[in-house]
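**Student:** Kindly produce the complete structure, drawing on both the sequences and the hints.
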Amino acid sequence: MDSPWDELTLAFSRTSMFPFFDIAHYLVSVMALKRQPGAVAVAWKNPLSSWFTAMLHCFGGGILSCVLLAEPPLRFLANNTNILLASSIWYITFFCPCDLVSQGYSFLPVQLLAAGMKEVTRTWKIVGGVTHANTYYKNGWIVMIAVGWARGAGGSIITNFEQLVKGSWKPEANEWLKMSYPAKVTLLGSVIFTFQHTKHLAVSRHNLMFLYTMFLVATKITMMITETATVPFALFEDALSRMLFGWQQQFTPCEKKSETKSSFNGTGSSTSKPIAVASDTVKKKHTKKT
Amino acid sequence: MDSPWDELTLAFSRTSMFPFFDIAHYLVSVMALKRQPGAVAVAWKNPLSSWFTAMLHCFGGGILSCVLLAEPPLRFLANNTNILLASSIWYITFFCPCDLVSQGYSFLPVQLLAAGMKEVTRTWKIVGGVTHANTYYKNGWIVMIAVGWARGAGGSIITNFEQLVKGSWKPEANEWLKMSYPAKVTLLGSVIFTFQHTKHLAVSRHNLMFLYTMFLVATKITMMITETATVPFALFEDALSRMLFGWQQQFTPCEKKSETKSSFNGTGSSTSKPIAVASDTVKKKHTKKT
Amino acid sequence: MDSPWDELTLAFSRTSMFPFFDIAHYLVSVMALKRQPGAVAVAWKNPLSSWFTAMLHCFGGGILSCVLLAEPPLRFLANNTNILLASSIWYITFFCPCDLVSQGYSFLPVQLLAAGMKEVTRTWKIVGGVTHANTYYKNGWIVMIAVGWARGAGGSIITNFEQLVKGSWKPEANEWLKMSYPAKVTLLGSVIFTFQHTKHLAVSRHNLMFLYTMFLVATKITMMITETATVPFALFEDALSRMLFGWQQQFTPCEKKSETKSSFNGTGSSTSKPIAVASDTVKKKHTKKT
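Protein chains in written order, with UniProt numbering: chain A, 1 to 290; chain B, 1 to 290; chain C, 1 to 290.
These aren't lab readings, by the way, just hints derived from the structure by calculation.
Think of the CB as a built atom: it goes at the ideal place given N, C-alpha and C, for glycine as much as any other residue.
Hints are supplied without guarantee of correctness; some may be wrong.
[Unchecked claim] Which residues of chain B face chain C? A few of them, derived with a C-beta cut under 7 angstroms, are: (1) A70; (2) Y137; (3) I142; (4) V143; (5) A146; (6) M223; (7) M224.
[Stated by the list, open to error] According to the in silico footprint, chain C covers these stretches of chain A (three or more CB under 8 angstroms from chain C): (8) 143 to 149; (9) 215 to 222.
[Said to hold, decoys possible] EDC-like, lysine to aspartate or glutamate: derived pairs with alpha carbons at most 16 angstroms apart: (10) K45(A) to D238(C); (11) K45(A) to E227(C); (12) K166(C) to E162(B); (13) K45(C) to E162(B).
**Tutor:** Here it is, written out as structure tokens:
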């Protein structure tokens with residue numbers, strides 16, 4: 001335990017998120033909100049609505065995990081310090097004279113630093129969600145995965161839902177039909193930490209936190225520098241989906257046409273056709289019977 | 001108590017839902033999901049979203065009753081066995097080679113058997129919801145009716161809500177303005193079992209469960225064989241609505257025109273006209289006064 | 001304490017809302033529902049949906065505060081007396097022969113009396129919400145403000161949400177982008193009573209309740225008689241918003257054009273342009289670097 005590596009990872013896993021990493025998370029979230037079209041106009045016309053939206057962007061994951069576990073969604077409001085911190089960052093971001101914050105944030109090194117620190121908070125949120133869900137359900141590992149995922153990446157779901165309620169919903173930006181990269185990587189991390197917590201993974205937690213955080217920061221920064229949205233483990237995904245869902249495409253020529261067609265064009269009508277035909281035959285059978 | 005009828009109903013009311021009736025319920029729910037247009041394409045493009053939708057179809061009623069009683073909506077995920085059972089049924093339904101499950105399900109006897117067993121689970125859900133709500137509110141019989149109804153027929157509400165969030169909402173298919181047959185019959189059963197639970201109905205529970213389940217299965221199967229969506233107690237409904245809401249149509253000629261018109265065409269503008277007129281007179285009165 | 005003023009306010013603060021003020025609140029809420037286009041037709045075609053909407057209009061604030069504090073939203077159904085009272089008022093309002101209730105309500109003095117009594121219930125709701133939230137979070141004054149606000153003015157949010165689910169959503173009527181007068185005045189009262197509860201306001205509660213209620217009733221009745229929707233404290237609002245958010249419009253000529261433009265026309269594109277430009281320069285920088 002007293003090898004330098006263990007000491008490093010242990011010290012890393014004990015760093016507190018409160019002052020600086022939280023500030024980075026709030027800054028990235030509020031800047032993402034400000035870049036939405038019309039957000040600045042809303043902040044000038046109705047500051048309260050803009051402040052509420054900013055709070056949802058900053059604390060969305062915690063709110064979603066509270067909702068999923070039937071805890072008060074207002075609990076995040078009880079932490080006055082974080083609220084005032086996020087509110088002040090929202091204030092200087094939207095109402096700073098000469099828009100200094102946006103101009104300072106528009107430089108890449110600042111963005112890289114803030115994004116990297118935000119990814120660090122993601123690890124802490126996942127671990128917190130998994131351990132918190134374990135206090136409710138002893139061996140409900142599905143719940144642990146879900147809560148860790150919600151606390152780590154649920155902010156986008158909450159903000160999508162808020163846009164839906166506000167009427168400014170963009171259906172091409174929803175999280176349901178196409179998982180974004182943060183959602184995927186958070187799901188991976190939630191699964192990993194759940195298995196570590198249920199002792200199915202023989203790795204000490206602080207090592208896992210260090211490695212997963214390094215992976216998060218490295219992928220995020222590389223994706224930001226080389227402005228590509230290509231997920232680094234697309235190959236792994238393809239293999240997995242082919243193994244799970246695609247294997248009958250080789251072995252079963254009987255359904256190959258319709259299945260692949262329906263999997264490529266979004267209709268699925270070709271696959272639901274045999275069912276309709278069958279039910280028609282059923283109808284005929286009964287019109288004969290009666 | 002040891003009459004053969006009582007023994008039969010008692011044994012029936014003690015049958016466990018777990019392995020077989022739950023499987024039938026999951027199968028019917030997942031097949032209903034698969035027959036939606038585009039569901040197969042979604043399952044091929046984004047299996048996770050399809051799995052989530054299938055879980056909502058299978059456990060929607062329990063989730064809604066949990067939300068209404070402020071219990072964790074994730075509780076259904078804590079029951080690992082049922083989750084794995086429903087997931088495997090979802091998997092073989094959507095990804096079975098040659099689409100064997102759909103073809104087997106397209107035969108009417110299989111559909112009748114599965115639908116009948118699903119109706120049996122409905123009774124168990126209603127009774128469970130009523131008794132569960134009674135543990136919260138001692139004499140809150142309205143809550144008991146609502147929770148029993150939600151657990152028995154809330155799945156459609158949850159799935160409608162999920163379609164709304166996903167943007168694929170069909171407003172002609174919503175449960176709000178027009179109650180479907182399952183919603184009506186579940187409401188009836190919830191009222192009956194609530195009155196039985198509050199001792200206003202002098203029938204033993206197992207007899208009531210047997211009779212109500214027989215009624216559910218008989219009506220469902222007859223509706224499936226003679227492919228009619230006509231509710232068998234439409235006459236009862238008409239009489240009730242006429243007695244409650246329609247009686248002034250005979251006795252009050254003063255409102256007959258507008259009320260009946262507004263009850264037939266969906267506008268209701270004719271009825272809201274007198275109010276507008278009255279408020280106009282009020283306005284005139286005050287323009288005079290000032 | 002035995003000055004006549006204190007005796008008056010103390011007696012006022014001890015008056016029970018139950019029979020008469022609640023009736024006035026239900027009457028105003030149900031009449032507001034009935035004046036919506038098509039509400040009468042819905043009540044005739046599907047009474048259950050109309051009853052559910054009426055209950056949401058009557059108990060919306062309590063439901064929202066229950067949701068925010070993770071209490072059962074069905075708790076309002078456990079109070080059978082109030083439910084039956086509101087249901088009977090909904091019944092006679094929608095199905096009374098000759099539409100007597102609407103015609104009687106269309107006279108201005110009746111409207112003034114009912115509206116004034118409804119405003120009295122608003123004070124009681126705010127105080128109840130603040131004290132109830134204080135039992136959860138000792139010094140979470142933000143939560144107290146939010147819960148008092150939700151219980152006092154949350155009905156409109158709930159009803160908007162219900163219209164959204166029912167598909168009859170009117171995006172120009174939403175509460176998010178433009179706070180209505182009740183929402184503003186309820187927020188003010190919630191802040192005042194929270195500060196009084198946390199001893200930051202050296203006023204006895206019954207005096208504050210009396211004064212705030214008088215203010216509510218006076219402003220409401222004046223707004224109804226002189227049919228103006230102008231908020232009486234618009235000047236105060238302008239001063240506050242200018243002090244908080246508008247001050248850089250005088251001192252910072254650098255951003256004056258874009259900010260004021262984006263604050264007047266709803267696009268905000270002009271303000272988000274510098275960011276886009278900056279990121280473009282960043283892109284150029286890296287295309288050079290690579």
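**Student:** Take the hints in turn and mark each one as holding or not.
**Tutor:** A quick look at each hint next to the structure:
With its C-beta approaching chain C no nearer than about 4 angstroms, A70(B) sits inside the 7 angstroms limit, and its interface hint holds. The beta carbon of Y137(B) comes within 4 angstroms of a beta carbon in chain C, closer than 7 angstroms, and the hint placing it at the interface holds. About 4 angstroms separates the beta-carbon of I142(B) from the nearest beta-carbon of chain C, less than 7 angstroms, and the hint is met. Evaluation of the V143(B) hint against chain C yields a held restraint, the C-beta minimum of about 5 angstroms falling below 7 angstroms.
Interface restraint check for A146(B): the shortest CB-CB distance to chain C comes to about 6 angstroms, inside 7 angstroms, so the restraint holds. Because the smallest distance between the Cβ of M223(B) and any Cβ of chain C comes to about 21 angstroms, over 7 angstroms, the interface hint for this residue is violated. Look at M224(B): its Cβ only gets to about 25 angstroms from chain C, farther than 7 angstroms, so that hint breaks. Residue count for the stretch 143 to 149 of chain A with a Cβ under 8 angstroms from a Cβ of chain C: 0. That is fewer than the three needed, and the coverage hint is violated.
Counting residues of the stretch 215 to 222 of chain A whose CB lies closer than 8 angstroms to any CB of chain C gives 0, which falls below the minimum of 3, so the coverage claim is violated. Restraint check for K45(A) and D238(C): satisfied, since their Cα atoms lie roughly 11 angstroms apart, inside the 16 angstroms limit. Between K45(A) and E227(C) the CA atoms are separated by roughly 25 angstroms; this puts the pair beyond 16 angstroms, and the hint is violated. Restraint check for K166(C) and E162(B): satisfied, since their Cα atoms lie roughly 13 angstroms apart, inside the 16 angstroms limit.
Between the alpha carbons of K45(C) and E162(B) the distance comes to roughly 26 angstroms, so the proposed pair goes past 16 angstroms and is violated.
In summary, the structure is inconsistent with hints 6, 7, 8, 9, 11 and 13 from the numbered list given earlier, while agreeing with the others.
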